[in-house]
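Number of protein chains: 2
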Amino acid sequence: MSSIPVLEIFGPTIQGEGMVVGRKTMFVRTAGCDYRCSWCDSAFTWDGSAKDDIRKLSAEDIYEELYTIGGDKFDHVTVSGGNPALLKDMGILVDLLHDKGCEVALETQGSRYQEWFTKIDDLTLSPKPPSSGMETNWVKLDGILHELEQAGRVDKASLKVVVFDEADLEYAKDVHARYPHVDFFLQVGNDDTEEQNDEVLMYKLLKKYEWLIERTMESDALNRVRVLPQVHALLWGNRRGV
Amino acid sequence: MSSIPVLEIFGPTIQGEGMVVGRKTMFVRTAGCDYRCSWCDSAFTWDGSAKDDIRKLSAEDIYEELYTIGGDKFDHVTVSGGNPALLKDMGILVDLLHDKGCEVALETQGSRYQEWFTKIDDLTLSPKPPSSGMETNWVKLDGILHELEQAGRVDKASLKVVVFDEADLEYAKDVHARYPHVDFFLQVGNDDTEEQNDEVLMYKLLKKYEWLIERTMESDALNRVRVLPQVHALLWGNRRGV
Ligand code: SF4
Ligand code: SF4
Numbered sequence: 001m002s003s004i005p006v007l008e009i010f011g012p013t014i015q016g017e018g019m020v021v022g023r024k025t026m027f028v029r030t031a032g033c034d035y036r037c038s039w040c041d042s043a044f045t046w047d048g049s050a051k052d053d054i055r056k057l058s059a060e061d062i063y064e065e066l067y068t069i070g071g072d073k074f075d076h077v078t079v080s081g082g083n084p085a086l087l088k089d090m091g092i093l094v095d096l097l098h099d100k101g102c103e104v105a106l107e108t109q110g111s112r113y114q115e116w117f118t119k120i121d122d123l124t125l126s127p128k129p130p131s132s133g134m135e136t137n138w139v140k141l142d143g144i145l146h147e148l149e150q151a152g153r154v155d156k157a158s159l160k161v162v163v164f165d166e167a168d169l170e171y172a173k174d175v176h177a178r179y180p181h182v183d184f185f186l187q188v189g190n191d192d193t194e195e196q197n198d199e200v201l202m203y204k205l206l207k208k209y210e211w212l213i214e215r216t217m218e219s220d221a222l223n224r225v226r227v228l229p230q231v232h233a234l235l236w237g238n239r240r241g242v
Numbered sequence: 001m002s003s004i005p006v007l008e009i010f011g012p013t014i015q016g017e018g019m020v021v022g023r024k025t026m027f028v029r030t031a032g033c034d035y036r037c038s039w040c041d042s043a044f045t046w047d048g049s050a051k052d053d054i055r056k057l058s059a060e061d062i063y064e065e066l067y068t069i070g071g072d073k074f075d076h077v078t079v080s081g082g083n084p085a086l087l088k089d090m091g092i093l094v095d096l097l098h099d100k101g102c103e104v105a106l107e108t109q110g111s112r113y114q115e116w117f118t119k120i121d122d123l124t125l126s127p128k129p130p131s132s133g134m135e136t137n138w139v140k141l142d143g144i145l146h147e148l149e150q151a152g153r154v155d156k157a158s159l160k161v162v163v164f165d166e167a168d169l170e171y172a173k174d175v176h177a178r179y180p181h182v183d184f185f186l187q188v189g190n191d192d193t194e195e196q197n198d199e200v201l202m203y204k205l206l207k208k209y210e211w212l213i214e215r216t217m218e219s220d221a222l223n224r225v226r227v228l229p230q231v232h233a234l235l236w237g238n239r240r241g242v
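Protein sequence lines correspond, in order, to chains A and B. As numbered in the numbering used here, the first sequence has no gaps in its residue numbers, which increase by one up to the final residue, 242. As numbered in the numbering used here, the second sequence has no gaps in its residue numbers, which increase by one up to the final residue, 242.
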């Protein structure tokens, strides 16, 4: 029986980021990450602070809970983490959701490949820029994109780089140059995960978004690119579970 | 020789709406519309107020101007209006842009079909809800979607409904139910095109966006749906040409 460490199940809400931004979706957040990004906005998935909330659930349990909460008001589920790519059994959940008529989106930093990647309807690979303090394993990332290519699934995937500063922007250019044919998203980083005043945060985020747009517009290395804000943070500040 | 009535050429900037929201793009705004939406935010394209700014340009002229402004910093052009679907010669511009390695997005309300629709890379059909004061010609809209289907281009198109109130939301549900397999976007209407204080506008727009999300989330008739803000208005208020 499959067993997936789950921290949160909630929705329906909108997807606030990336290739299907705005999509009505349910969220399943898994526990555990092989990274330790300096600005991680879901550190509770790996830093032990929420370890008593982790539940080991089967795919059936997860679907049941999704249905209890979401009823007939969803046909799309987003799996996020942590790094859900650590979980071999995720494929069982993906199959079950497909059987139930749901599309599945999933985000991972691209440090690990799983065979079920080729089943994901909206797969976001978000390698982490220098400001995270992490090192990208390019061999792994090349490998993932190679597998997706072989399976004819590149059009179901995208790359997303979160940008906090100029060094991150340079990194983003490298990623885009390395995989020019993969849909590419730039996103403003929220480096203010403690800010409790939503209006202050909203204003700061829009200013940073404007900066990122400006820098992207003036670069001829960033053309086939989409620049997005973090819609969730704009709307709901730093609250969890919305 | 083709002749296209042009009001504005600008960019690169981001696409602020719809299926390729965030995409780096150049804009070409054409003059003339067969509609008179009550809340039209580009009434200057048809109300005579900018008639001295209209230039009749050939496709080559337009590309030359795009290149003069945008240089090597774009590979995507968005044609908006007014209603660019009034212009038979648009196909010549689309072909030329493709030759130059550009993708082409275009938005129209869906009141008129043109053969070149099947060449557009990101075609947004945005039928107008009751608050506009306009009547949708469903036979025309059915016809357009039929043509796209025949040409295997439905995946290059999307429907977008701008929502100002509850009646608009009901209209949106009808549109989605009529074309369930077409990618469907809901967008908050900006009914405050006179507001000059950007922060006030930004705050109002986010509140309305939150309302639209809430109403969408609680409806089982709106599942395969994406809800988006008007990113341009959030960032730049009611200014033109950004
Ligand atoms: S990869 Fe994601 S979940 Fe893991 S530490 Fe980095 S930001 Fe946090
Ligand atoms: S269809 Fe568009 S351009 Fe024409 S009046 Fe309506 S909003 Fe304005």
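Derived from the structure by calculation, the hints contain no laboratory data. On a predicted model such as this, the values are computed, not experimentally measured, just so you know. You may find that some hints are simply not true.
All copies of an identical chain are treated as equivalent in the list; a pair is satisfied when it fits inside any one copy or across any two copies.
The calculated lysine to aspartate or glutamate pairs, modelled on EDC-like cross-linking and capped at a C-alpha distance of 20 Å, are [to be verified]:
id	residue 1	residue 2
1	Lys-73	Asp-183
2	Lys-207	Asp-89
3	Lys-73	Glu-166
4	Lys-173	Glu-195
5	Lys-73	Glu-170
6	Lys-119	Glu-103
7	Lys-73	Asp-174
8	Lys-119	Glu-135
9	Lys-100	Glu-166
Q) At most 20 Å between C-alpha atoms: does Lys-73 with Glu-166 qualify within a copy, between copies, both, or neither? A) between (41 Å within a copy, 19 Å between copies)
Q.
At most 20 Å between alpha carbons: which applies to Lys-73 and Asp-174, within, between, both or neither?
A. Between copies, since 17 Å is at most 20 Å while 40 Å is not.
(Q) When Cα atoms must be at most 20 Å apart, do Lys-73 and Glu-170 count as within-copy, between-copy, both, or neither? (A) between (41 Å within a copy, 16 Å between copies)
Q. Is the C-alpha distance from Lys-119 to Glu-135 at most 20 Å within one copy, between copies, in both cases, or in neither?
A. Result: close neither inside a copy nor across copies, 27 Å intra and 42 Å inter.
**Q.** 20 Å Cα threshold - placement of Glu-103 relative to Lys-119
**A.** Answer is within: at 10 Å inside a copy they meet the 20 Å cutoff, but 28 Å across does not.
(Q) My question is about Lys-173 and Glu-195: at a cut-off of 20 Å on alpha-carbon distance, are they close within one copy, between copies, both, or neither? (A) Answer is neither; intra-copy 30 Å and inter-copy 37 Å both fail.
Q) At most 20 Å between C-alpha atoms: does Lys-73 with Asp-183 qualify within a copy, between copies, both, or neither? A) between (29 Å within a copy, 17 Å between copies)
Q) With identical chains treated as interchangeable, where does the CA-CA distance between Lys-207 and Asp-89 reach 20 Å or less: within a copy, between copies, both, or neither? A) neither (41 Å within a copy, 40 Å between copies)
Q. Is it within a copy, between copies, both, or neither that the alpha carbon of Lys-100 lies no farther than 20 Å from that of Glu-166?
A. The answer is neither: 44 Å in one copy and 31 Å across copies each exceed 20 Å.
Checked against the numbered hints above, the structure breaks hints 2, 4, 8, 9 and satisfies the rest.
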